[in-house]
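Protein sequence lines correspond, in order, to chains A and B.
Each residue of the first sequence is one higher than the one before, starting from 1 at the first, in UniProt numbering.
Each residue of the second sequence is one higher than the one before, starting from 1 at the first, in UniProt numbering.
Mixed in with the good hints there might be a few duds.
[As the list claims (entries may be wrong)] Partial pick of chain A residues on the chain B-facing surface, computed with a CB cut under 7 Å:
{"id": "1", "residue": "I17"}
{"id": "2", "residue": "L19"}
{"id": "3", "residue": "W24"}
[Said to hold, decoys possible] Quick list of in silico lysine to any residue cross-link-like pairs, SDA-like style, CA-CA up to 20 Å:
{"id": "4", "chain 1": "B", "residue 1": "K290", "chain 2": "A", "residue 2": "N31"}
{"id": "5", "chain 1": "B", "residue 1": "K127", "chain 2": "A", "residue 2": "P37"}
{"id": "6", "chain 1": "B", "residue 1": "K127", "chain 2": "A", "residue 2": "Q26"}
Think of the hints as simulated: they come from the structure by calculation, not from any bench.
We put the beta carbon where it would ideally sit given N, CA and C, even for glycine.
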Amino acid sequence: MSVIYFLIGCSVVLALIFLTAFFWAQRTGQNEDLYTPSVRILLDDSEDADTEK
Amino acid sequence: MTGNPTIEKISCYHCGDDCLTEAYTLDDKHFCCHGCKSVYQLLSESQLCNYYTYNDHPGATRARIDRRFDYLSEPAIVSQLIDYTDDQVTMVTFYIPHIHCSSCLWLLEKLHKINPAVHYCRVDFLKKQLNIRFDHHRISLQQLVELLYDIGYEPLISLQDVIKEGNAATEDHLVQKIAVAGFCFGNVMLLSFPEYFGISTYEHSFRQFFGWLNVLFSLPVVFYSGREYFVSAWQNLRRKSLNIDFPLALGIAVLFIRTFFEVATHTGAGFADTLCGLVFFLLVGKFVQKKTYHHISFERDYRSFFPVAVNTIVDEKEKPVPLADLHTGHRILIRNNEIIPADAILLKGHALIDFSFVTGEAVPINKTWGEIIYAGGRQTGEAIELEVIKPVSQSYLTQLWNNEAFNRKQDNRMQTFNQKVSKYFTVVLLVIAIASLLFWLPTDLNRGIAAFTAVLIVACPCALALSTPFTMSAALSIFDRNLFYLKNTAVVEQLAAIDTIVMDKTGTITTSDNDNIQLNARLSDAERELVYNVCMHSNHPLSRMICRYLGTHKRLNLTDLSEAAGRGITASVNGYQVRIGSEQHVSGYSRNTSAGTKVHVAVDGNYKGYFAFAHQYREGLKNINGLETDYELYLLSGDQDHERFELIRFFKTTDKLLFNQSPQDKLDFIGKLQENGAKVMMIGDGLNDAGALKQSDLGIAVTDNVNNFSPGSDAIMDGRSFGKLPAFLKFSKDTVRIIHASFLISLTYNFIGLSYAITGKLSPLFAAILMPVSTVTIISFTSLATHFAAKKRKLS
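Assemble the whole structure, with the sequences as input and the hints as a guide.
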């Protein structure tokens, strides 16, 4: 059963990695504007068609 | 006599307004004005016509008169506006009120195709902000703003940048704190399971391990996530007041200390998961409360209404000067539609000043040479030259802003239910805790301490702290959906406590001036041109308004112009005889017609129809009739009393209608009502009401464009939802009732918990179940009840 020490250690480390990832996302401003990207993705990127006209 | 133009309505391809002429067409597309056409031209030259594929008529109308952005070439002003600059690039954030659809987003992020000197553009749609990075060697800030203006996205430039200040203030890492608390909460719950379900004897080594891990996880929760509760409790204690943070901090501290001791002395499992859950839920509640509506800024003073800079005349040349540097003796140049920033004497030109901003009176006033013009007036017509006689900070208007009403601390106007209750709550809680300690002390010391701590743990007012934010945020989002924007959650309670309502007239219960003119005549383009030219030569305010209504036309030669004061004008233009004025003047006879000012038109003796200048009351004004049974209703107007009789319908008695009120009068009137113990709500619209809005217990600004206007008020109401005011008031009362009910629910839970706690036999498992259950009950009750209330008031 002593393997549980190791397993808990692993799970906590994994959780910490997720926590760090969240902190990183927060620091780099990914959660600042949660609406605009959802609109932006719907806009076609037809720049080539436009410029070749 | 009345008739609409029979031509089929064509709407502008760019902005969607009706096209009144067919003069502006390009590529088979119709435009309402030259501005719209040129925007289309600009876009099609840059191959950006996809702009029109995402939405129909996405553009802003460009039929406005050009403004000047010369002041943006002043380095002193530029340096205050930009976010960052180095040798290569400059970054700037603009607030662009017109951003409203996906086409705007698409076009603004493609600015680099119109001008390659722009490196990068990012739109924040909800905040209506545009972040631009550009090469300042190739395009100046002024050119950039002009480019934005040319494509119909004029930034709102103000040196008092509320948005930036607001962004800086919210930097308190609340989300990070929630993340840490949630992370620890999850882990601690997992590690507590074995303890709750029982650990067999041969696994007892794990108990120690889990216990210490729990303590370890509690550390960041207490010292990082929960730190603010201790700070706030301590600060309040030093100010000798008890707020809700005190019992919360006490609860957190007791939970942690008891957990630590139980684990260290091997006497129990401790309350680590209750502790982490408590902090987590509290912070979530705080987050919900903070997530109010920052897309509208409420904190604006006179500086945001005045221009950033004024053109002064130095050595016969124009030089833009920042407003703060404007001194007595400066000669300033004010163009059409510009606001006069400081009290000044008219030196040159014909001044026709629209003081609706200051007094509420919509009809422009003539000023002659040598007269003093007070700050806040808007010049309509030609450019004028003035000499400043008082600096901006001492002008009449800004003095009103500087009235003590503005410096008063806003938070203390009314105590919220939460603040009132938490004082007593803390005292009662401490009394019960100490009483149970004293009760057990003679017989069993350990049990006494257990009971003392258990009371503090169980009675920790978590649900109380959560009920208000959750109810309020649900209420705020319902108000928000109904175009009524509140500054913060406390405003809901203030709204419920109101007993007197004071309203402004112009702009508040009447709609703003542009819609007031109605053309009830069939006029061809040629006839419009004639009327325009005749009115051009008259200084009568109504003529001015007709000119503005008709838009710009070609100048024609006039002969035989005669103006009969108070009656009308007769003139010959292009061989036509045009008569404009009263019915008597135009058609020779006069009938009794309904209220409202009318200007009649006849060409060559043929009666054509009339322009009606009616004050249009807001839709839904009749709804306020129901209010006077529960509220004292007053009307304060800066206007003349020519509508007294029409307004009696709404206000019943004349003594509650006050006319000719200056801004200071309004402020004083509110103050007098308050001295008599009234809780006053002021509903106003403009700068002229700003003082009264601030003085009142609750100031509501009514506006037709939410982004344009927000004087020092607690709430902003879109003009369209004015008729819902009674429903809003009732709903606010419902909300307060819901908070009271949820408080009762939370008390019930506390009683159940306390009855266990005072015996000193509170098990960690019991606490770990009771706490989340009460939280979930409160949150679901408040959100459901709020939505039911909204449905009942027809607000959802």
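(request) Would you settle whether the hint for I17/A is holds or violated, based on the nearest Cβ-Cβ distance to chain B being less than 7 Å? (result) Interface hint status for I17/A: violated (11 Å vs cutoff 7 Å).
(message) Checking one constraint from the list: CA of K127/B to CA of P37/A, max 20 Å. Satisfied?
(response) Holds: K127/B and P37/A sit about 13 Å apart, inside 20 Å.
(request) Quickly compare the C-alpha distance for K127/B and Q26/A to 20 Å and report which way the hint goes. (result) holds, 18 Å
(message) Can you verify the interface hint for W24/A: is its Cβ closer than 7 Å to any Cβ in chain B?
(response) With a minimum Cβ separation of about 11 Å from chain B (threshold 7 Å), the hint on W24/A is violated.
(request) Assess, step by step, whether the Cα of K290/B is no farther than 20 Å from the Cα of N31/A, and give holds or violated. (result) Cα-Cα ~16 Å, so holds.
(message) L19/A was flagged as interface toward chain B. Is the shortest Cβ-Cβ separation under 7 Å?
(response) holds, 5 Å
In this structure, the earlier hints numbered 1, 3 are contradicted, and the remaining ones agree with it.
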